[in-house]
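Chemist: The residues making up each chain are set out below.
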Amino acid sequence: MTEAKAISLFKCLADKSRLQILKSLAVEDMYVERLAERLGLTASTISFHLKKLSDAGAVSAYKNQYYMMYSLNKEIFQTSILDILQQESDEAQKQAKRDADYRQRVIDAFFEYGKLKSIPTQLKKERIVLEVIAEAFDFDRMYSEREVNLIIADFHDDFCTIRRDMVGGRLLGRNGIEYWRIKND
Amino acid sequence: MNEQQQKFELYLDEQIAACKQRSKLFVADDRMDEGNFEKIRANVYEIFKTILSAAEQACGKDALAKKHFFLQKAEQIPMNWMTSYEKAKQHGDVEKMHIERIKLDTIQEIKDMCIQIWEETT
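Protein sequences, first through last, are from chains Z and H.
All letters in the first sequence, in the order written, are residues -19 to 165 by our numbering.
All letters in the second sequence, in the order written, are residues 17 to 138 by our numbering.
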């Protein structure tokens, strides 16, 4: 189900009358007048709601002798909400682009010719800066504290603060003697 | 204001209040669309309450002239609604058709009541 269809369906379901119509159709297929009688609404109000439900893909119609019968599209309700949430959003690419743009702006603002101008006070910005510094470390390699300090000192003189924050931010691991770069998803 | 007009205005006020009350109940019951339909009905009653005032200004104390003035407007105004309904019908726009139908049904009810009140009191 696309995001637009999911929104349309959720909007449609957020109405007691339409929910009652769906509950009735879950029991058996019905025609407009039968639903109107059952729910105490006028036939035109039922038609109005059925049109909305039909547009949202919740019900479908078929002709049976003189009557237009409505039935529940059961397969649409078998989709779990988690499936909808896990589906790639139309917005996902835009969000990723916005995130990447923000990250680049922070890097441009805090780094000059590969050197860190200052340690950001905002945690979100500091995290980006620390992630950039972490890229100077190889995965699957152990570093002594001296090696770590030398690598960080290439970026900024305050290697103690940065080293400590990288460990705290789980960018570097430490076992008391050595350090290593942690793989983050 | 003569007796018919008083009675008719009272009827319109009661209908407006009833529609607004029903609208509130529908909204509280998570039936937003039905709540909106009641607001649409209330709007039609309000339009014709305004027309009743206009009839008073235009015709003074002449009760019959007021009735004619009112019924003439009640024929003219819904013409656009009828056109809109027919257009929606052509395009299978059930939602629009339902809204226009509500307006047309409401004005028919108002016209019937107008005739009834004037007949009762003359």
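These are computed hints drawn from the structure, not numbers from a lab.
Among the hints, a few may not be true.
Below, a sample of chain Z positions facing chain H; criterion: calculated Cβ distance under 10 Å [said to hold, decoys possible]:
1. Ala(-6)
2. Lys95
3. Ser98
4. Asn155
Footprint (simulated), chain H over chain Z, 3 or more residues, beta carbon under 8 Å [to be verified]:
5. -16 to -9
6. -5 to 5
7. 116 to 128
From the three backbone atoms N, C-alpha and C, an ideal C-beta is built for every residue, glycine too.
Chemist: How does the region 116 to 128 of chain Z fare against chain H when you require at least three residues with a CB closer than 8 Å, holds or violated?
Modeler: violated (count 0)
Chemist: Answer holds if the nearest beta-carbon of chain H is closer than 10 Å to that of Z/Ala(-6); otherwise answer violated.
Modeler: holds (7 Å)
Chemist: Next item in the hint list is Z/Ser98. Is there a CB on chain H closer than 10 Å to its CB?
Modeler: With a minimum Cβ separation of about 53 Å from chain H (threshold 10 Å), the hint on Z/Ser98 is violated.
Chemist: Count the residues of the region -5 to 5 of chain Z whose CB lies closer than 8 Å to any CB of chain H, then report whether that count reaches three.
Modeler: This one holds; 3 residues, not fewer than the three required, reach chain H with a Cβ under 8 Å.
Chemist: Answer holds if the nearest beta-carbon of chain H is closer than 10 Å to that of Z/Asn155; otherwise answer violated.
Modeler: violated (58 Å)
Chemist: Double-check Z/Lys95 for me: the hint is only fine if its C-beta lies closer than 10 Å to a C-beta in chain H.
Modeler: Violated - the Cβ of Z/Lys95 stays beyond 10 Å from chain H, reaching only about 59 Å at its closest.
Chemist: Are 3 or more residues of the region -16 to -9 of chain Z near chain H, judged by a Cβ distance of less than 8 Å?
Modeler: Our answer is that it is violated, as 0 residues pass the Cβ test (under 8 Å) against chain H, missing three.
Of the numbered hints listed earlier, those contradicted by the structure are 2, 3, 4, 5 and 7.
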